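Number of protein chains: 4
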Amino acid sequence: MERVKTAIVGASGYTGQELVRLLLMHPGIELVAATSRQEAGRSLGDVFPRFRGMPGSELAFIGPDPDAIAATGAKAAFLALPHGVAAEIARALLERGLKVIDLSADFRLRDPQVYAEFYGHEHPAPDLLGEAVYGLPEVRSNAIAAARLVASPGCYPTSILLPLIPLLKAGLIDPATIVANSMSGVSGAGRKADIPLLFCECNESVRAYGVPKHRHLSEIEQELSLAAGDKVTITFIPHLIPVNAGIATTTTAMLKPGVDAAAVGEALEKAYADADFVRLLGKGGCADTKHVTRTNFIDIGWEHDARTGRVLLMSAEDNLGKGAGSQALQSFNLLFGLEPMAGLQLV
Amino acid sequence: MERVKTAIVGASGYTGQELVRLLLMHPGIELVAATSRQEAGRSLGDVFPRFRGMPGSELAFIGPDPDAIAATGAKAAFLALPHGVAAEIARALLERGLKVIDLSADFRLRDPQVYAEFYGHEHPAPDLLGEAVYGLPEVRSNAIAAARLVASPGCYPTSILLPLIPLLKAGLIDPATIVANSMSGVSGAGRKADIPLLFCECNESVRAYGVPKHRHLSEIEQELSLAAGDKVTITFIPHLIPVNAGIATTTTAMLKPGVDAAAVGEALEKAYADADFVRLLGKGGCADTKHVTRTNFIDIGWEHDARTGRVLLMSAEDNLGKGAGSQALQSFNLLFGLEPMAGLQLV
Amino acid sequence: MERVKTAIVGASGYTGQELVRLLLMHPGIELVAATSRQEAGRSLGDVFPRFRGMPGSELAFIGPDPDAIAATGAKAAFLALPHGVAAEIARALLERGLKVIDLSADFRLRDPQVYAEFYGHEHPAPDLLGEAVYGLPEVRSNAIAAARLVASPGCYPTSILLPLIPLLKAGLIDPATIVANSMSGVSGAGRKADIPLLFCECNESVRAYGVPKHRHLSEIEQELSLAAGDKVTITFIPHLIPVNAGIATTTTAMLKPGVDAAAVGEALEKAYADADFVRLLGKGGCADTKHVTRTNFIDIGWEHDARTGRVLLMSAEDNLGKGAGSQALQSFNLLFGLEPMAGLQLV
Amino acid sequence: MERVKTAIVGASGYTGQELVRLLLMHPGIELVAATSRQEAGRSLGDVFPRFRGMPGSELAFIGPDPDAIAATGAKAAFLALPHGVAAEIARALLERGLKVIDLSADFRLRDPQVYAEFYGHEHPAPDLLGEAVYGLPEVRSNAIAAARLVASPGCYPTSILLPLIPLLKAGLIDPATIVANSMSGVSGAGRKADIPLLFCECNESVRAYGVPKHRHLSEIEQELSLAAGDKVTITFIPHLIPVNAGIATTTTAMLKPGVDAAAVGEALEKAYADADFVRLLGKGGCADTKHVTRTNFIDIGWEHDARTGRVLLMSAEDNLGKGAGSQALQSFNLLFGLEPMAGLQLV
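Here the protein sequences line up with chains A, B, C and D, keeping their order.
Using the UniProt record's numbering, read the first sequence as starting at 1 and increasing by one per residue.
Using the UniProt record's numbering, read the second sequence as starting at 1 and increasing by one per residue.
Using the UniProt record's numbering, read the third sequence as starting at 1 and increasing by one per residue.
Using the UniProt record's numbering, read the fourth sequence as starting at 1 and increasing by one per residue.
Calculated directly from the structure, the hints in this document are not laboratory data.
Since the model is a prediction, treat every value here as computed from it, not as a measurement.
A couple of the hints might just be wrong.
Identical chains blur together in the list; that is why a pair holds if it fits in one copy or across any two.
[Unchecked claim] Here are the simulated DSSO-like pairs of lysine-lysine, each with C-alpha atoms no more than 30 angstroms apart in a straight line:
id : residue 1 : residue 2
1  : K270      : K192
2  : K192      : K283
3  : K231      : K5
4  : K5        : K213
5  : K256      : K283
Starting from the given sequences, assemble the full structure and let the hints guide the process.
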């Protein structure tokens, strides 16, 4: 079978690096372009010593020029760029016939006004929002398979949405009582030369940040509202912890009056019976990030706090994996009709 | 001034070790006994190489014999023992005229039935519960100063109680909506040879545990109920993160209808205006454990989530410091009329 | 192509776990047996949550019974057992027609007296030493390919031998001046419930240990002596550092009089021109463990200290990878005529 | 007793921060000035949240103006500045009558040509080199006590010099065979916004760097040569490991022919019998950084490798403590006739 020629635009950050890793190992993909303004001319192996010696690692970075990318014969491109920047290059690549999987926030929101509210500037390409598909494969695989433009979800949203959506759809919990606390590894903050991201500043430290209105709330609430059939507003508190990778999220909500706690487990099992990458831990299962790092799995456990009537949802994923790169690849497999687990059977 | 002769019973665990550290540096204390069944006969410096060279580190461990402890002339004893074990030795030392500061859970609960419910066995000394004082110095310094038996609070409770009590007393929040998420360093689990506490099991890992009914809930709810003037039941989710020391807690609750968010800041400021060891970070302050480790400070910030009506309380302390050893020492200073910050001006 | 049925004996430690990971992803291997006395009856996925959801992870552990292992149709077995224990089961499996790749120290030494000197007891199977092949694939691939019993090298030896052997063979350095300092991740100490391996004991700590006569010196010196054509004795100092995986080794030695430093680079390049898994960093290259973890690569850089006449060799590998599991798999590929990089193209 | 008014020039880096910590707790010092170009106007507590609530933490940073510093009445100043910058301000403060303890490299070398060779530019104040005292208190306490200008040693040098100097003075080892391998925490690299110092770049990583001619070699060899009475040149390999603080150094050297290994222990014991801050671990003692962090102690153990004739010296210190801030404070106590352990009895 011929491998799908594919590009990564913005390949020098942590998410880009994870995409390079995944694509070099994917049996159905040929990585034909990796872009980086700063690293143009250097090979993947030179910039990321980890990749030296792997077939494909001799590929040289190019600048983010749409024509140059198209000239490689790429049929698809992953965008791992800052929001705002991604929209422009997405349009250019779509015009040149590529399918685009965007890992930025640019196409995740249906409503450009919500984008402006949360990101602080006008949406750069509102005309494309209509066709973009929010790429949560467990929720809308058919739409992803048919899309030209996939907006791959953020790391926090994935860890919050997958446990909650089945419960909201089944009407088991009171949406007004949802509180989500997440703990994220430092790679989630990106590969930036900032003092607060130094080893000595992060090691032996844990703290909340970005409260009360983290940008990811916009996409979280959009998708929860779709699932609930009504507008949902939640409280979300992200925390930074000293690990390289991984997000653990604990979400609590009140069960609706009369709901039997067992219904929670049933809703999750029904929703994810056929989901390759959702691993249900059952009642009492406390998801641990160490079991999911460098995979596309998300582990979900739950508990019932009978004393207060709350359900506890505990999820764990790799923020660069199921929360970014490998989830985007999962959408790619759908887009190109590849085996769902192709290139993702990694542990 | 003569230094107060003091003993540490159970000095070979992490909390005991922290007490040794603090007492060796305290200008008003002479450490005259440190007990450990396993280490009896060896000096503090031999067992804990960190202490060698410090005046006092040549003291040899003795077994936990009440008569031997009393024979050293000790006027007070810190107990850093497992629950159930502490009660017995506490009684023996009280009978021999020592004041006792117990860091176990044995005397924290007023109701022996709650103890039995949460700890799984009958209370070993119910007759002593009446005189034991729950030793949160910011809440009841006078009672501590007059006590013979202080039950020093646990690490999670301290980080949850200090932010919440002023708000409950002022009637600002709905007690039924309280959810507390804590992230604790590994030392909180003790110095035990358990596989899950190995470096390779904890490093690059984060997970919830002990849900939905952690033992510390019993003392948390007792004290919250006292503050609220009514029975309070909350949801509490502890998480284990890869740091040696430190607890960060994020607590959320709905403001009562009509309450202005500014009242939260005012209640905290009023409560802790004269508290030496509570540092208020104000609105938007995200407490970070790295600023409090090895100190007796607790940092508290808060935020208002106007979209949902919740208040967010973010606290950070050292689980072995303000959450255990140094808080017990703070009570000691009260018990013996020493300067409040004596031996605790450490950063 | 039919996959080779394979067993892992002793699959519940860190090395066993890494072998499970590698074999589940290997396209040419079918894992048919995994043994563990303690975990018998439980599935791979139950014992190691990381593996759940992977094809093959439903396999149940069995006890270490040679007949039961042979009954699975296994053609080969990896042994990840303590030294002393491995020899016995190796013999039993060889008798049942399996090829054996032993990751313990039992068959690494040619001389049973050296074994007794370093391991403190008589060799358990001296008659098998004659046919065992010390499985350093870069040094003796043909012998490995023809072997029935491969003794896969330890983690420290691999990191020391691969840089040094070409220099000794070329006669560039004075063997009497070799000093090797290694820094190893904690997983190298195994998955044992020991106080010194607790998170709080290892984190924020670095120290030497096992001096002056670490057990691995025996195999290091055996192989160096073979390369030098004369008995070689070196100084080796291992250190424990707070990382899960990875070994960095810095080895120094005096260049022989008249040797041009450039000859060092040439000798390395000549030796490893065709080596898939040795990545040469050249002069000035400081190997970093973060680029090799979870791979079978070893990175080797070198430097010349013109002021003293010493050459510095800096190598990095994953102690569970090229230093244990994946290197054993590299030998497996040779034993069964598979593609050299099969199952090892991981980054 | 009146406290000595003291300034810290360059107080916003990691070394400066450690000096602030130590001076705030020192009973004989009043911190009257802390300088930082960037933080001028902000208080110590604002810039370093750890210090809030400590007496003295309300002091505001000022710019590095010599007149302003002198105007505070400061009798002494610690300089925690980059090399090259320190010399200029040192001169200005000396002229204004202050004693100066410089923690940069500017006054450590007696020979300005060696400075130029290792630091790449002309020495900025060669006329001051004559009176500067290399401030290793265990080696020249009298000279320090009488000095006006103390050049406090670097972190690597301290960990290498203290074990070696007694052996060289006693003529026990062959200076030409000395090889020192050090492992340093990340704080040693300073508080700079550099990609290689990010958490995700340092965590789960270990590597050599700065070979073969690290700048600190210049002062190491100067002091070793003084001890040996002859020019000494050594090999030194620093490594970066993922801890915040601490340096472990393992130094090897050949015993001179006929030297009994026991003489090593005797030489160390004789040299440091009265040294408050050197803790000898004896033969077989493997110094561990976790026992010395945040103290002024250096732990030194040794071993004899009888097979090769080498002695192994294993030392551990805090790179910001005995390797920087607290060692400078140790010199301060000498300069002002304070108790040797004043302000340094910290564990």
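A quick look at each hint next to the structure:
Taking the closest pair of Cα atoms, K270 and K192 never come within 30 angstroms of each other, the shortest separation being 41 angstroms inside a single copy and 39 angstroms across copies. Proximity of K192 and K283 under a CA criterion of 30 angstroms is satisfied inter-copy only: 27 angstroms between copies versus 39 angstroms inside one chain copy. With identical chains, the CA atoms of K231 and K5 are never at most 30 angstroms apart, being 41 angstroms at best within one copy and 55 angstroms at best between copies. In this assembly of identical chains, K5 and K213 lie within 30 angstroms of each other by CA distance neither inside one copy nor across copies; the values are 39 angstroms within and 47 angstroms between.
Taking identical chains as interchangeable, the C-alpha atoms of K256 and K283 lie at most 30 angstroms apart only when both belong to the same chain, with a minimum of 18 angstroms there against 33 angstroms between chains.
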